[in-house]
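Number of protein chains: 2
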Amino acid sequence: MLTDRRAILIGEAIEKIMKEVGTGRVEKIPLIKAGGRYLAEDIIANQDVPAFDRSLYDGYAIMAEDTRFATKESPIELEVVGHIGAGSVFLGEIKQYQAIRIMTGAEMPKGCNAMIMLEQVTELEKEDKQFIVIDKQIQINEKVLKKGAEITKGTLLVEKGAQITPGIVGLLATFGYSEVMVGVKPTVGVLATGSELLEIDEPLEPGKIRNSNSYMLMAQIEKVGANALYLGKLEDRLDESYAAMKKALTQVDIVITTGGVSVGDFDFLPDIYERLGAKVLFNKIAMRPGSVTTVAKLGKQFLFGLSGNPSASFIGFELLVRPVLKTILGNEQPYLVFRQAILAEDFIVPNAFTQLIRTKQKVEGTNVYVSSNGLNMSSSITSLVGTDALIVLPPCDDGYKKGSIVDILLLSDEGQKINYFTTCN
Amino acid sequence: MLTDRRAILIGEAIEKIMKEVGTGRVEKIPLIKAGGRYLAEDIIANQDVPAFDRSLYDGYAIMAEDTRFATKESPIELEVVGHIGAGSVFLGEIKQYQAIRIMTGAEMPKGCNAMIMLEQVTELEKEDKQFIVIDKQIQINEKVLKKGAEITKGTLLVEKGAQITPGIVGLLATFGYSEVMVGVKPTVGVLATGSELLEIDEPLEPGKIRNSNSYMLMAQIEKVGANALYLGKLEDRLDESYAAMKKALTQVDIVITTGGVSVGDFDFLPDIYERLGAKVLFNKIAMRPGSVTTVAKLGKQFLFGLSGNPSASFIGFELLVRPVLKTILGNEQPYLVFRQAILAEDFIVPNAFTQLIRTKQKVEGTNVYVSSNGLNMSSSITSLVGTDALIVLPPCDDGYKKGSIVDILLLSDEGQKINYFTTCN
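So the protein lines, in turn, are chains A and B.
Here the numbering used here is used: the first residue of the first sequence is 640, the next is one more, and so on.
Here the numbering used here is used: the first residue of the second sequence is 640, the next is one more, and so on.
Check before you lean on any hint, since a few could be wrong.
Treat identical chains as interchangeable: a pair holds within one or across any two.
What the hints assert, rightly or not - The calculated DSS-like cross-link candidates involving lysine-lysine, where the alpha carbons are at most 27 angstroms apart (straight line), are:
#1 K862 - K799
#2 K711 - K999
#3 K923 - K782
#4 K799 - K999
#5 K862 - K1001
#6 K799 - K1001
#7 K936 - K749
#8 K658 - K786
#9 K862 - K824
These are computed hints drawn from the structure, not numbers from a lab.
Remember, predicted model here, so these are calculated numbers, not experimental data.
Whole structure, please, built from the sequences with the hints as guidance.
Okay, here's the thing in structure tokens:
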């Protein structure tokens, strides 16, 4: 069962896959559930923001003209003829040398064109009337946010495909979106292959290992925002495995298998793909780890045949499966964040394939340094702990020297200690 | 109701809050649900990994000594006397000049001390017997991963407090953790204050705005990993608001209010804190936006009184509430990721308070540039769209010039386009 395989470049593999991804379905969900999902519609301002001239502070709404000659030496007095809280509206009309008490965010009363902060006036009472004393000139529109100053009606606010961050949730609430259109979450089934696999709650046996890949992949799927379904293990028997795969395809949108794509005698996923009539997009990628990766398509469904090695299956997911899921979810920038960093160790052994090295970034000032995070073997599971990026090392005759600028792909946003400087440095 | 207020430094505010945070409760949950949660126990290796000498590739397990004199000119032949798949164990014993067919990951048979890849041998059949031909010397332990080579039993693998990444899920599965101890998710109630607020599904009215802060905060709470509960709005009436707050404290672990902490006539949260008997930790912070932030504690419960302005409440949450929630969840590094970046515009107006500027990072090579993302006003909601970091500018007599190195706090891990180079550059 040794198949003829031609290794293609990672970029080619991604292109072949992405050409086959259709658009996902969309659904309307309550705003309260929308955080982290992807917008399936452009968001356009259906009103001005603010919707009215609003006071920026607590204080008094006035006519700026009344303060024209106000100075410390000859302050002016304005009579307070009304009082409006936030959300209330003053219905009367202001006359010369009058003022209205106003709250932050309240609508400016008719006739007023500026405001002065509470802290900047002296309040007086004379003959049961309230006055304020102002000792400086106030400009027209001072401390007033004009109608439409932030957003005018009709403005495109957020484009379809954006991830709904808390800021976007706030924006949607401002414009009255109690529900919003988003991409439907695809369901991804995970099937492991290999008679050597035990369930995670089984005791170890000679020659066997626990099925860790499936659980890792399910966590990766959920982290991306899709739904994961554990479909168990395929045994090393072709007919049963074929039947299990057929059934899986009725349950989920996408099937990921781990293992069974190598050149070993019991690696019969290629046969299953053939019997299903699936179109194999490629069966080898010029990358390490994970060169024996097969991706096939049956109708609208993807079949990802990832390597059975933990690091290889982890990386295969991030590079190949993630952009498919993100695209189905509606994200138009579905790839890992791409940065550059400084290599902190030599990788001088040339490699014909692009190497993907698990790393934990070290930050010094504005520089980011990267080196291998532990055992750099595809079978390693500990090297994934603490890994927050992948170093991408394309084939290079001389390898890579310490100090080289290299590409990295970010995986994580884990927190670090922070210093708040009290003065500038 | 103008209270005497002393502005404290952000660092002081965080310290005062963090001193009051107790440890959260813990619970055991299925591994399949554990992604993104925080470990409430150290993870220690309960076995060696691998648990046995394992073959790294598909091929043949051999005795390295048999190949001592093998060369291209005088290759040696080994008889294939067995065949083991992954998960099977060979029970016989190998003799000189014999080999066993073996799969990737399988346990090395007794007597074998090296393996050779399938691609590197020639297979022969003679008189119904199988042979392989080897034309080079194989070293002892070649392509064999020794028992315990990756992890020895008893090793501390992951410390309590780590976020459970997909890699850690894989590790936990490897060691048979079908369940794992994690921090319990706290429930955070969100209460808005202000008669100017409409529900998000209500049509606009003169002088009113929709309650966007509560929805934004709920999205922030959920993003951090806690549970959010919408508790509605407090009206601008003290008795009813007091009763609503009392009730809220029976429903949730932490209450966040927005608005009502300024110096306006209707801002009576200070009175509510007093009637509740809550201890006010501080009521002003030397930061913009969000200086009028009050944090109080009643028994084990925190009361966060954030500013009613969208950007101020957003930032107040990220700086002050987030570390509390993360700590309760069990995270020992609960703060936003801290980096340095290059300022791409002048901020030369001196400010007595630390400014927090919403920004969208621009990456060029290994450099990150930051400048203000849109309208830099506390009332701005659009400036939060696309914001992926906050620039921290402590008070500085000369302000900050373009090109200065400044501190930034990362908010986001949104994806960007990536290039896969096919050769080194």
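Verification of the hints:
With identical chains, the CA atoms of K862 and K799 are at most 27 angstroms apart both within one copy (21 angstroms) and between copies (21 angstroms). Taking the closest pair of Cα atoms, K711 and K999 never come within 27 angstroms of each other, the shortest separation being 62 angstroms inside a single copy and 44 angstroms across copies. Within a single copy, K923 and K782 get their C-alpha atoms only as close as 64 angstroms, which misses the 27 angstroms cut-off; across copies the closest is 21 angstroms, which meets it. Taking the closest pair of Cα atoms, K799 and K999 come within 27 angstroms of each other only across two copies (19 angstroms); inside a single copy the shortest separation is 33 angstroms, beyond that limit.
Taking CA atoms no more than 27 angstroms apart as the test, K862 paired with K1001 passes in both settings, with 24 angstroms inside one copy and 25 angstroms between copies. When the C-alpha separation of K799 and K1001 is checked against a cutoff of 27 angstroms, the pair qualifies only between copies, where the shortest distance is 22 angstroms, while the shortest distance within a copy is 35 angstroms. In the homo-oligomer, the alpha carbons of K936 and K749 never lie at most 27 angstroms apart, since the shortest distance is 66 angstroms inside one protomer and 43 angstroms across protomers. When the C-alpha separation of K658 and K786 is checked against a cutoff of 27 angstroms, the pair qualifies neither within a copy, at 46 angstroms, nor between copies, at 44 angstroms.
In this assembly of identical chains, K862 and K824 lie within 27 angstroms of each other by CA distance both inside one copy and across copies; the values are 12 angstroms within and 17 angstroms between.
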